[in-house]
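In case you want the letters, here they are:
2 protein chains.
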Amino acid sequence: MQNYILKDENSVFYECGYSCDNEIFLKIGDEAYFFTDARYTQDAKDHIKNAQVIESKDLLKSVREILRKNRAKKLFFDPKDFTTFEFEELKKSGIYLAPKPNFSWKKRAIKSEEEIALIKNSVKINNLAFDRYSSYLKNSGIGKSEKFLQYKAKEILSNFGEFDLSFEPIFAINENSAKPHAHPTSKILKEKDLVLFDAGIKYKRYCSDRTRTSFFTQNIDFNFGQKFKTKKIQKVYDLVLKAHDETIKRARSGMLAKDIDKIAREIIDKGGFGDFFIHSTGHGVGLDIHEMPFISPKSSIVIEENMVFTI
Amino acid sequence: MQNYILKDENSVFYECGYSCDNEIFLKIGDEAYFFTDARYTQDAKDHIKNAQVIESKDLLKSVREILRKNRAKKLFFDPKDFTTFEFEELKKSGIYLAPKPNFSWKKRAIKSEEEIALIKNSVKINNLAFDRYSSYLKNSGIGKSEKFLQYKAKEILSNFGEFDLSFEPIFAINENSAKPHAHPTSKILKEKDLVLFDAGIKYKRYCSDRTRTSFFTQNIDFNFGQKFKTKKIQKVYDLVLKAHDETIKRARSGMLAKDIDKIAREIIDKGGFGDFFIHSTGHGVGLDIHEMPFISPKSSIVIEENMVFTI
Chain A
15 MQNYILKDEN SVFYECGYSC DNEIFLKIGD EAYFFTDARY TQDAKDHIKN
65 AQVIESKDLL KSVREILRKN RAKKLFFDPK DFTTFEFEEL KKSGIYLAPK
115 PNFSWKKRAI KSEEEIALIK NSVKINNLAF DRYSSYLKNS GIGKSEKFLQ
165 YKAKEILSNF GEFDLSFEPI FAINENSAKP HAHPTSKILK EKDLVLFDAG
215 IKYKRYCSDR TRTSFFTQNI DFNFGQKFKT KKIQKVYDLV LKAHDETIKR
265 ARSGMLAKDI DKIAREIIDK GGFGDFFIHS TGHGVGLDIH EMPFISPKSS
315 IVIEENMVFT I
Chain B
15 MQNYILKDEN SVFYECGYSC DNEIFLKIGD EAYFFTDARY TQDAKDHIKN
65 AQVIESKDLL KSVREILRKN RAKKLFFDPK DFTTFEFEEL KKSGIYLAPK
115 PNFSWKKRAI KSEEEIALIK NSVKINNLAF DRYSSYLKNS GIGKSEKFLQ
165 YKAKEILSNF GEFDLSFEPI FAINENSAKP HAHPTSKILK EKDLVLFDAG
215 IKYKRYCSDR TRTSFFTQNI DFNFGQKFKT KKIQKVYDLV LKAHDETIKR
265 ARSGMLAKDI DKIAREIIDK GGFGDFFIHS TGHGVGLDIH EMPFISPKSS
315 IVIEENMVFT I
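Residue numbers (our numbering), protein chains in the order written: chain A, 15 to 325; chain B, 15 to 325.
Rather than coming from a laboratory, the hints here were simulated on the basis of the structure.
Treat each hint with caution, since some may be false.
What the hints assert, rightly or not - With a straight-line Cα cutoff of 25 Å, these simulated BS3-like cross-link-like pairs (lysine-lysine) come out:
1) Lys272/A with Lys193/A
2) Lys120/B with Lys94/B
3) Lys120/B with Lys71/A
4) Lys152/A with Lys166/A
5) Lys94/B with Lys88/A
6) Lys312/A with Lys263/A
7) Lys94/B with Lys71/A
8) Lys125/A with Lys312/A
9) Lys166/A with Lys166/B
10) Lys218/A with Lys246/B
11) Lys114/B with Lys106/A
12) Lys276/B with Lys120/B
13) Lys94/A with Lys75/B
14) Lys201/B with Lys216/A
15) Lys193/A with Lys21/B
16) Lys193/B with Lys71/A
17) Lys216/A with Lys246/B
18) Lys193/A with Lys63/A
19) Lys138/A with Lys161/B
20) Lys87/A with Lys106/A
21) Lys246/B with Lys206/B
22) Lys193/B with Lys63/A
23) Lys105/B with Lys105/A
24) Lys87/A with Lys41/A
25) Lys246/A with Lys204/A
26) Lys21/A with Lys88/A
Chain A extracted, bound-state conformation (with noise of 0.2 Å):
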């Protein structure tokens, strides 16, 4: 791919070392050019690695002068990353615009081994944090709403603004748990509660991701081997905690995606509750929250090694 264009932020973060909210990155042969604001000039320029910055006030302008410039015939996009409009503006270059969907993301679905001493330690971070957390509903949970707990979950994961989030963490009470996306409601906390967890950080942009369901008492924590209080709710947990183990017991490079869903949906469905297994079974983790491989029933990626994500 000799020659194309990215918008998306964690893709021209991927390329150069830099990003901010207005920006084009562009690779013609072997030069490199990120187009940026004023705003921002100074900041690109001490930041970014192999990439020559180009200040505009109308990046697509700038981009189809040095298209033009460079007499580029061919660039590769991803047609999911640029609009209708920033379409018809590097048309006018007259260059052949060739779609490429998710190549960003299928370049970074193998993790070099910074990357995944990066992503290391965001998970020893975020599970820092969770046990801060349960700490601090042990002694002072009770009596608070799911929206003020949610809350709380940012200050301590991000620990006062030190660590961005990976995404909106999801604190929810009984009922509201079973909502794999739930908002946070004035729902209130009570001892004996059922409570889902679902949060992660960020560490130098590289995403951590946990989710936990817990028994809520005096003794809550996130770890794993949870008991609860009816017999059915901890055969479902039991089954999930299986499947989750015997997963990525037998995941393994070389395996198709959907293969490795399919073992942990195979052990849901054995347990009988293969009907309310509603969502996929992991996803890669790294940049983005959610990227390549997907491990879901029609994801037909071969895993290799290096590759990182959740089960």
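Given chain A, put chain B in place with the hints provided.
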């Protein structure tokens, strides 16, 4: 405009009183449709006004089915609202897609009495939060970093997660306050620092937006008529305040937005600081924090009764 399609959350909310992060709104003649996936169907049905909810695993495919069933020939869309991928998916229906830039913004520029009441309430709550934040700064601000004080601003403005924020609040000290979109740093707040605070909340989705520059002493507040330690800073502040007050006094419906911008710009020019006025004079506020009418040197929109904008 008989038939149109929207995806942007605020534009969709304006049409039917509901939105979520996976949705399409389609208007065909007198019929309106809201497409979403199983996670949101029930919530959508509970809250939507005057639109039929259609649950789908592939929203664009379901849109095509409705387009075919209705034999629609032409559909308006905003080229900034749809990606190239989505455009190609819609085109498969055989319909003519007519680009109409910013049509939702144009529709929303003139506010109803109800919307104006919501914005006023948003401004009122935001002003109270500014007061609470200045109290916090007086009592505990010294020795804290920009990063921490930005985090604290989020806590106070959102009232621990009760309100969403219009945007990430900006808290900047001394030279950082000259950058209109500064990211918070580790810089520590000291007595007699110059501080910039730019923040707003959302009330029932309607935004407020307030910017103040103050001198940090034990009397800090964010009211007009600030006093500073040097004559030069005081001169600049008083000039900006004069431009602000005069522009509000002289702005009238029937004027072009750029002529309102010119009032402010001429006063700053005459005061000798025209070269430093790199920002526009103001912008519309509503469901979006920045929307039409834009009050800038190039904006030739005619100002009408019940438009709401900042100066």
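Which numbered hints fail: 10, 17, 18
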